[in-house]
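J.: With chain A held as given, fit chain B onto it using these hints.
So the sequences go chain by chain: A and B.
Using this note's numbering, read the first sequence as starting at 2 and increasing by one per residue.
Using this note's numbering, read the second sequence as starting at 1005 and increasing by one per residue.
Treat the hints as calculated values from the structure; they're not laboratory data.
A quick note: this is a predicted structure, and the numbers were derived from the prediction, not measured.
There's no promise every hint is true.
Cross-link-like lysine-lysine pairs, in silico, DSS-like; alpha carbons within 27 Å at most [said to hold, decoys possible]: (1) B:K1370 / B:K1360; (2) B:K1370 / A:K447; (3) B:K1366 / A:K426; (4) B:K1370 / A:K426.
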Amino acid sequence: MNSREYQALALVFLGVSSVTTQLLTIREFLSQFHGNEITVSLSIFTWLLLTGLGSLIAKPMRRASPGLLSLLLLLAALMPLTQIASIRFLRGIAFVHGLSPGFYPVFLFIIATTAPYCLLSGFIIPLVQIVSRSTGSLLESGTVYSLDSAGDIAGGLLFSFIIVYLLTPFKAVAATSTPLIVLAVKGLTRPGRVKFLILFMIPILGFYLFSLWPKLETETLMGQYGEVLSYGESPYGRIIVTREGDQKSIWGSGVPLYSDREVVNSEEKIHYALSQLDRVESVLLVSGGLGETLEEVFKYKPASVDYVELDPFVTGLGTDHGLIRKGSSANIINTDGRRHLKETEHRYDAVIFDLPEPDSFQLNRFYTSECMALVKKSLRGKGIFAMSVDYSPNYISRLERQKLSILVSTMKTHFDNVLILPGEKAYLLARDGELHEDIPSRISIKGISSSYVSAFFYGNVTGERIQAVNQAIDSVAPINRDFSPGLMRIVFADWFARYGSSPYIFLFVVLGLVTVYLIFLRREEYLLFSTGFVIMGAEMLVVFSFQVIYGYLYVQIGAIVTAFLAGLLPGALLGKSSWGRLASHKKLFISEAILMALLVLFLVWIGVYRIDLPPAVFLAYCVVFSGVCGFQFPVVAYLIGEDKGPLAGCLAADLWGAALGTLATGTVLIPLWGMEISAIVLITLKISSIILKALK
Amino acid sequence: MEMTRIEFLRTVGLGISALIMPGQALAFPGLADPEKDIRGTVFRNDAPARPWKWSTEGAYYSTSGKLVQCGICPNRCLLKPGDRSVCRSRVNVDGRLYSLAYGNACSVHTDPVEKKPLFHFLPGSLIFSIASTGCNLRCLNCQNWEISQKKPDEVDHIELFPPDIVAEARKRKIPSIAYTYAEPVTFYEYTRDTSLIAREEGLLNVLVSNGYINEGPLRELCAVLDGANINLKSFSDRTYRTLNGGTLDPVLNTLRILAREGVWFEITTLVVPAYVDSPEMIKEMCGWIVRELGPDRPLHLLRFFPRYRLTRLPATPVETLEKLRETAMKEGVNHVYIGNVAGHPGANTYCPGCRKLLVERKGYLKGEFHINKGRCGFCGRQIPGRWVV
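If we strip away everything but chain A, and leave its shape as in the complex, we get:
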């Protein structure tokens, strides 16, 4: 293997390892902290930001030895293990046990735990080029970018379609770091360096001993969970069953979903809805079938009960541990609830949603007018629809009032009557027929027994409280829609209010730093910055749109995310295939025009036509989009000139643009202004880069 081949492999293997580590780390954060759209965006933002910073650190370097590269490759291969272990370990030191921390502590924790690896992996990419220059076989910036993209694509594919199904996090780290370790060892194995090699073998051995130790996963999770009975990593998150004395609890991504004898929620969500009906033949339960829930449903003697749960690990482990008592006639369906509503031809007497708060795009789809239209379609004549949201029984805050008002407005677009029952949560009932407030008397007439509703309802859900919450509703509140998820903004605001913090300090700091950065940015780099922003923004818009049409289907979503990577390599190869200077300017203008056209196409689709497109169209769109983005990188690097060492600056611009695009689109643009305005903002950004380029 010559040095050029070595360097090329280093980039590819690093790409594989770093993408896998990124995905594992984000999943880890989602299991440690509140997994709303803000923390998802924050994790990606921080990762890209720090990686970009790592690249920029290498900018002043002119020479570097191959030995240094091999050493850093070894470090980069070993660090994912310590990173994931340290996230689990440090959480217990930094935060009170059981606490769900707020925005700023989470942000600082993410920075503290990911900075070493991100800075290192970002630093290595331009370092490879510097080493190549030092060894007399310069890898051009376009080539470096192409090779890194190839590694990223391979890592994305590997993780999304193989690793997530087969390996737990530490074993995944071991698997994806191995090529890098082998390469690093090869680089460090030279005559006269045998002693050094033995020194390096110690951490390598330790790495494998730890990462392949069968009990490592559960041992490192015990601090958070206690006694772990079952542990599984599903494509949708970490599912764990624990035991506390005689009690069993099931957890989804760090949040307790159910503990034995939690009858209040089971009784409230079932009896408030089903007691409204004279006869219950068929029931659809979307999520929340744990514990006593299905037993409560069967008290109404329905002929059929469909229980839809996205994650098969929840129903699998739940059933294994007796946390789902489905009886003989409950039908468990593992699919996306909204997809089921769209595709089913069955008609139900009751559709009951028991979902977390709409704090992500994935969840918001269940709280929209479009979803309620599907519910209405699936209900028999005067069937009932019920859902619930968090609620404080003793005081209706302004944000809660807004949240409930939006939901009532949205429900009223499809149902004649809507009633809120203020229990431990706010239960929203919608029906074209009559809705009754006196639940205990309804279930008493039916001869149904209950331990909570019969005994506590009159004291907790008093007529006075029912009247207060229903009168607090603003009748002209906006409607929550798929492509204009106003409800998410309220839920985000509520999350910040819970911690007495505001996102504005963070936003001002970021804006200030971006302004300073833009001042010192080359025009060509700004083009890459805006493209990085746009590609991540577009990816979020496309993934969100796809979910709306087809449901949250892991494999398909994984395919879309991979398609957004897949175009980068052919694009980059095409971009560096011809090097005429004039042609490069033209190429950039053409690529910018194509990106604009693609965004306009998206805007027209969501704004005007909004027809269901086949999945292949989405995939093709993503590949073309990322292809154009990949195309620009080598062209820009060429325009700046290889003699000026453009790689580090270009990488940083690309990554920082992507970081900002993720954060801005996911947490500000879509929740505040909806999909159409978000697309317009992305178009405007591209216009700005064209104008800036043209001015030159």
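T.: Chain B only, in chain A's frame:
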């Protein structure tokens, strides 16, 4: 000075945090203090320029020039002009202390008295319940954080001055008034003045509180109180600091004073897994209760559910509650109840003498009732409490 490994990590973490975002570094509760103390701090320059309509001059404060020190609770906030207290309801305006929570109730409801929980106080009756904003603690599992962790101007309120509250309770024919939901110690003047009028009008007053109050104000309040439920959050000062942002001793002192002043009160302890579920701690706590307050003080052990910021803990196992109840009773507490578990027999009252069922509780519905004139209907033993108006 020697440093442990964990202390070193904390220090490094805090240093990095401070470099990156100085103002937010203290957001790491664990890093900011090795004891993970989450006690609140004074809000500097956060007071309104002048008191508003729902203000009254604060009781129990001292001055030094323009500096004031609030003496209501153990926080003893030292406020410069323009500062706001830890509880968010009390401010220094030009050298005088004002309560901003007077006559502006943010939560007004009619509840069963058992909801407070009070099981030995007019069972089966309703209680008119009011709250204004604020709390002197920072409990991570607060179920009323929308009002307890807010400033008076941040919430919607109903104008209800003390005479209005009493009139409303009388209009509804409710025998008692509860000062509850948020923390009545922070709206002390509102509670005190309403209680005075209520007492004159023949209504009973109930304080539902964390008990984090100084002796002087408490003794004054005792003169008009008929009942109380005090939340003894744990029997460990460290847990108080970590989960609640307070300290243990002042709460124990409150319990002693209430007992000495003859106010009927019951104690509530939320059994938080991993923090307040140790049998040794409950044993020690109950030993103290029996020694200092007597064996007849009802104790409510409540099941914890994830709330507010403490959402990554499971619910308390019912078995744990049952074992702790057993421990408490073995230590000599005669009336130990299990709460937040629907249909559990641990919510019933049994005679400590003959062990027979005296009060059967099906939620808020009263079942069997065998107490006559405060005595067991079977063996005649006196059952402590206030059973009739």
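J.: Does each hint fit the structure? Answer for all of them.
T.: Each hint tested on the structure:
At most 27 Å may separate the alpha-carbon atoms for a hinted pair to count; K1370 of chain B and K1360 of chain B meet this at roughly 16 Å. Restraint check for K1370 of chain B and K447 of chain A: the C-alpha separation of about 22 Å stays at or below 27 Å, so the hint holds. At most 27 Å may separate the alpha-carbon atoms for a hinted pair to count; K1366 of chain B and K426 of chain A meet this at roughly 21 Å. With a CA separation close to 25 Å, the supplied pair K1370 of chain B and K426 of chain A stays within the 27 Å bound.
Of the numbered hints listed earlier, not one is contradicted by the structure.
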